[in-house]
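If you want the building blocks of each chain, they are given just below.
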Amino acid sequence: MSSEQNGGSPSQPDAPPDAPASGPRTLAEDLRARDDSALAALLRARPDLLSPVPGDLTQLATRAGTRASVVRALEQLDQFTLQTAEALAVTPAAPPPSGGGRPRQGTTAVREALAELLPGEEAAERLPQALAELRARALVWGPAQHPRLLRTARELLTSPSPTGLGPALVEVVAAAGPAKPSPSRLQEMLARVGLPGTHDPVSALSALTALFNDSERMAALLAEAPEGAEAVLRKLEWGPPYGAVDLEAPSPPVAWLLDRALLVPTGAEPGGGQSAPGSVVLPREVALQLRGGRAHRVLEPTAPPVAVARTYQAPTVDATAAGQAMTAVATVEELLGRWEAEPPPVLRAGGLGVRDLKRTAAALDLPEPAAAFWIELAYAAGLVASDGEVDEAYAPTPAYDEWLRATPAERWATLVVAWYRATRTAGLVGEGHPALERGREWGKDARGRGPAPLGPGLDRSPAPEVRQRALRLLAELAPGSAPDRDTLRERLRWERPLLGNRAAARATEQGAADGGQELRTRLLNWALDEAETLGVTGRGALASYVRPLVDAEAEEPHGPRASQETDTTRAAVAQALAPHLPEPLSEVLLQADLTAVAPGPLERDLAAFLGVLADVESKGGATVYRFTPESVRRALDTGRTAADLHAFLDAHSSTPVPQPLTYLIDDVARRHGQLRVGAASSYVRCDDDALLAEILADRRSAPLRLRKLAPTVLASPAPPDQLLARLREMGYAPAAESAEGDVLLARAAAHRTPPRTAPEPVPEGPPAPDSALLTAAVRAIRAGDHAATLPLSAGPDRQAPWADRRKAPSAPPPEGGLPRTVMAETLATMQSATLSGTAVWIGYVNADGAASQRVIAPVKVEGGFVTGYDHTADEVRTYPLHRITGAAEVTEA
Amino acid sequence: MNGGPLIVQSDKTLLLEVDHELAEACRRAIAPFAELERAPEHMHTYRVTPLGLWNARAAGHDAEQVVDALVEYARYPVPHALLVDIAETMARYGRLALSKHPTHGLVLESSDRPVLEEVLRSKKIQPLVGERIDPDTVVVHPSERGQIKQALLKLGWPAEDLAGYVDGEAHRIALEEDGWALRPYQQQAVEGFWHGGSGVVVLPCGAGKTLVGAGSMAKAQATTLILVTNTVSARQWKHELVRRTSLTEEEIGEYSGTKKEIRPVTIATYQVITTKRKGVYPHLELFDSRDWGLIVYDEVHLLPAPVFKFTADLQARRRLGLTATLVREDGRESDVFSLIGPKRFDAPWKEIENQGYIAPADCVEVRVSLTDSERLAYATAEPEEKYRFCATTDSKRRVTEALVRRHAGEQTLVIGQYIDQLDELGEHIGAPVIKGDTSNAQREKLFDAFRAGELSCLVVSKVANFSIDLPEATVAIQVSGTFGSRQEEAQRLGRVLRPKADGHEARFYSVVARDTIDQDFAAHRQRFLAEQGYAYRIVDSVDLLGEPDEV
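Heads up: the protein sequence lines correspond to chains A and B, in order. When you line the first sequence up against this note's numbering, it's residues 1 to 893, in that order. When you line the second sequence up against this note's numbering, it's residues 1001 to 1551, in that order.
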């Protein structure tokens, strides 16, 4: 491979040495030489070069050479242009290794080599156009006789080459690594093919290459081949050019081929080769000889025609499609009308749940995939979205209200324009659902489900292009022609052979439910089915009123568009469709079997009210309504009177209103509202209506908001006790009444709980003293008493407030302060005191850090605590050992 | 939009605008495959069902014709999916066929092997078939011919029965058209039936179904078994056959509760053949007692379930079903289709009325307000007693009496369900009552007197629902019925629809208690008539009689 650069520096090392002096030496130079319109064309064809806008042509050239951009550009090529590029990638005119001598093709123009690779008259005719196309996209540059393929494109198209051709002999040998034939081996090979020896490997390879390029000598050489050798070559002829053979012990034909460099070892480890997929490769020159110089097995210079499967009368097509268009608008309206009342929740992972899809499908009386399509369509048109609440749900957007106000034709145009450009593909939903029998074929998530409608993973970027191309192809057919789907698919493949591959690969990487059938084919099938459902086509042929859309888009194929332009398209489509839609009617046929038939679409208001007054029984071109007592009642509930209903029917019936219907309305009206229901918390009942009138007239009763239900009954929203209290305040003597009507005896309110158990005590302090403790306490009291009688020998105890009440303890600590002993001694003192039942002096520091002295009779020493009778406090207490500074036995005097 | 008279709905109903200039042509085009469901004054509703489409296939129509008819007459474009569905449904008929194999006898053949594989895997089919002769043919035991047809229909793969019929024992029968002739539609019905081999002819009450039966017998020229609903009806068939054909009294036998005659033409009642003793049907031998060439089922819509079972065994004989409506309250229309045969002829009620063969009728529902005490009693009645109570109130009786008085001098029938009510009415009006325990002799005597005009009013219970022929009844007053039976309503209306000598318009009153379950049942019954184009007027009893209900 050469080291072609696309920079603008004039000192580029890869400037083609054979280029005429006047020719450009780099792509940048080539671009510099193009006029503005050509550059504009380049940028239009490859819009990705524009973001961001390159600073200069060098930058533009560099960007045009990036891999991502080239891949994108290749996707936009048709089959023949792509084949041209593929052939160009394998022309021996590949720029020679830098520093190499004059190339062999110095005299043969690349252009001619290319023509040889692409044989046939049609190809020859189309070749200039294909090259121009490639040039316009900056995939090819350089002089006309020596077109040069962009390096990145060459790499993409040779690793491996879609033509099935392997690398050239020189490249094969160079890449062979350890398996590279030694110079002596090369000389041996030269001898085998009957060529004179050379001095160095390079010239040896040149000589071999020249032999391989010479068809006459090659034919002679191959004629000598042993049996089986040709079969081996033929196997690799059309690619892949790699084969696996046992190099250690090759079979005789293979050995023969290897000896003549007709097969070259690649140096790849068997089974795990890093550089080549097989252990031997067929050099490109040899393969081309075998192929008779053709780069492609099937060269497709011309687009396959789209066959017409059936032709219908154009009016029939339009009428059928328009009927579907009506259905489409009605279906979306019905769907969203349902969702506005019961918004379905959004799944946590996004999208609509299986159950909600099922329910919606059942409500619309459609299979689930069809329902998914309408849901996605409404979404694409911006008519429905997630409401973003905490309990997220899908609901119609404000745009829906606007949409509802538009005419049916405009509504349809909105839907169809959205559909035309949407990358979301509802078809994936249908594929994924286990309900479909072929379910398991496609890769799916663990539960065997495809993506949820409205959820993530439904975008397929090639979808709009497939859709638009398909419709454009339909538009090219004579009006009323329904295409044969297979030929349409073929044509689409020819036009964009690489389209969709990248998206499919990406989707597979993301683990989406793709794979199986080619994405493009599925997209096409969905597009055509959806077009029929939407009324874009009728019986498979394009409806005439869609042409404004197809034409508008054809001028500026795909890509974001100004909204103004969209509006124009939408208006044009709506205008074209309008004459095909039936005029809304303002009259219905009323019949004696209590049905009304609207023999076509009704005016909105009429339809809305008739929907209240009668139940819809059947839908379609016409609508059948049935009047029932319930439906008439519903209408009366909206506040209309029987007279209103009669007037309404009179006004909108093209025939006299049948007697049974009139009778039905009167009959229901007669009973409507006979029973009245309301809410009240309490009532006042009295046989004397004068008294009730008096209460009602009394201003003090105003807060009770009393209402006269009947001459003898008043009702109030206030609770009964308030009512009673207020009436008493007003000087009346009301009696409370039970639900059964008995007078409740007035008793002082003695409120009781239901039976309850007393709370279990949760003791915090020590348990109640048992007899042992009490004995100890008594003993301690005695001891304390003794202590009290001891003579005071120490100074005044500043810590002892009890000194006021009783005499201070008579056994002061040794040093006059707190007793201080080590812990072990304290413990021993305590324990012996417990056993002996004697009292001890202790020094104690409480939680606040205040120190005090106490005389206690310990009862228990346990778990770091001492429990005993505190003579000082006159009660049983528990002290933590670690707070006791020391202990001393109370010595009796 | 081509402004056609037909609107195709998404639920596969077809709406036909009758006032449209192309309506008649369109009706003829869609009649073979669509069932007329409702025929009110402006828009007739037809329904396209698989059964209807298969009926059409059986009658020799193909999907192309059906689709063309829809596309030609439809006002709005027909949804493509619907057309596809029609074509697919129709294509299901005839993939399987029952035929006679020269060596193996009855076989099920398939022109589509996967379909045969599919049905043979069904548990319902497996016990009915025998050995597989070749990949496309399987043996069927002749006795399972009916069952397999029923089962296949349920699977959605109706079999075409090409196995043919036995001729039966030949017997000379000819129509004696002296001074009368088969009406054109009767002639068409006979032709349609004979061409199809077996099947059902749908004609309104009073349109002369007996003559279609007679005409078919004359075609068959073979011994015939006629199954009718009851003895009175059997006598009338006999009477009519003697009058209209070359058959003599001696050639016609009656096989009923009282007589057990088996003659070349035998008329049997459903009741007697479905009588079960000790778990067996003792009268089944009737079917085998002769080599019948034709079996006629009168009132197919009433065919009791056991008769279907017997019929399943009679698939080798020609079968003619006669009925006023294919509506069965038990929904067994598909059994009629698979066992007796597809619909072979059908003429809407109104059309025959327009031709003057049946009398026009004025249907009036008289709403009676109950008295307060009756309303209270009704409100507290047990649920199962409610209908009986409101249907037999005194208020209704008074209104009925007033109606009878108003039509004094016209031939009037009072029809009801409850014997007590009828007895009481009979007493008040002074008219004889015919009910279940009235002897046949007495019945015929009363009918004769009524026919002769000696009696102008008869009170009848539901025994008279079927097949009695009272040509001069011009007024029928219905006071109670079998709940909401639509088919009973049609029968009762049929009582007054026979053409009147003076072309007088018939009156059909339903006396209904307001705001009760009686009213709901009446609404349900009337729906059938309203759908047949007989619009009910609803009148308050007070308005009708011009005076308060009080006597």
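Don't read these hints as lab results, they were simulated from the structure. If you're wondering where the values come from, they're calculated on a predicted model, not measured in any experiment. Glycine included, every Cβ here is placed at the ideal spot set by N, Cα and C. Certain hints may be false.
In silico DSS-like links for lysine-lysine, alpha-carbon gap of 30 Å or less [to be verified]:
1. B:Lys1276 <-> B:Lys1154
2. B:Lys1012 <-> B:Lys1154
3. B:Lys1238 <-> B:Lys1435
4. B:Lys1260 <-> B:Lys1238
5. B:Lys1124 <-> B:Lys1309
6. B:Lys1124 <-> B:Lys1100
7. A:Lys619 <-> B:Lys1012
8. B:Lys1123 <-> B:Lys1154
9. B:Lys1219 <-> B:Lys1100
10. A:Lys619 <-> B:Lys1154
11. B:Lys1012 <-> A:Lys358
12. A:Lys358 <-> B:Lys1260
Going by beta-carbon spacing under 8 Å, a handful of chain A positions derived as facing chain B [said to hold, decoys possible]:
13. Thr320
14. Ala576
15. Ala578
16. Leu589
17. Val597
18. Pro599
19. Gly621
20. Val624
21. Pro656
22. Tyr663
To be clear about the criterion: a stretch of chain B counts as covered by chain A if any three or more of its residues have a C-beta under 8 Å from a C-beta of chain A, and this derived list gives those stretches [stated by the list, open to error]:
23. 1009-1017
24. 1038-1046
25. 1142-1156
Legend entry - Check of the segment 1009-1017 of chain B against chain A for coverage (Cβ-Cβ below 8 Å, three residues minimum): holds (count 6)
Legend entry - Given pair status - B:Lys1100, B:Lys1124, alpha carbons within 30 Å: Holds. B:Lys1124 to B:Lys1100 sits at ~22 Å (cutoff 30 Å).
Legend entry - Satisfaction of the A:Leu589 interface hint, Cβ to chain B closer than 8 Å: Because about 4 Å separates A:Leu589 from the closest Cβ in chain B, which is inside the 8 Å limit, the hint holds.
Inset, instruction - Identify whether the interface hint at A:Gly621 stands, where standing means a beta carbon of chain B within less than 8 Å of its own. - result: Since chain B brings a Cβ to about 3 Å from A:Gly621, closer than 8 Å, the hint holds.
Inset, instruction - Identify whether the interface hint at A:Ala578 stands, where standing means a beta carbon of chain B within less than 8 Å of its own. - result: 13 Å, violated
Inset, instruction - Go check the segment 1038-1046 of chain B versus chain A for me, would you? Three or more residues, Cβ under 8 Å, otherwise it fails. - result: holds (count 6)
Legend entry - Given hint A:Thr320 near chain B, where the shortest CB pair must fall under 8 Å: Holds, about 4 Å.
Inset, instruction - Would you check chain A against the segment 1142-1156 of chain B, counting CB to CB pairs closer than 8 Å, and say if three or more residues qualify? - result: violated (count 0)
Inset, instruction - Decide if the proposed pair is consistent with the structure: B:Lys1012 and A:Lys358, CA atoms, cutoff 30 Å inclusive. - result: 22 Å, holds
Legend entry - Pair hint outcome, A:Lys619 versus B:Lys1154 [Cα-Cα no greater than 30 Å]: 28 Å, holds
Inset, instruction - Identify whether the interface hint at A:Tyr663 stands, where standing means a beta carbon of chain B within less than 8 Å of its own. - result: Status holds, d = 4 Å.
Legend entry - Proposed proximity, B:Lys1435 with B:Lys1238 (alpha carbon, max 30 Å): 22 Å, holds
Violated hints, in rising order: 12, 14, 15, 21 and 25; the structure is consistent with all others.
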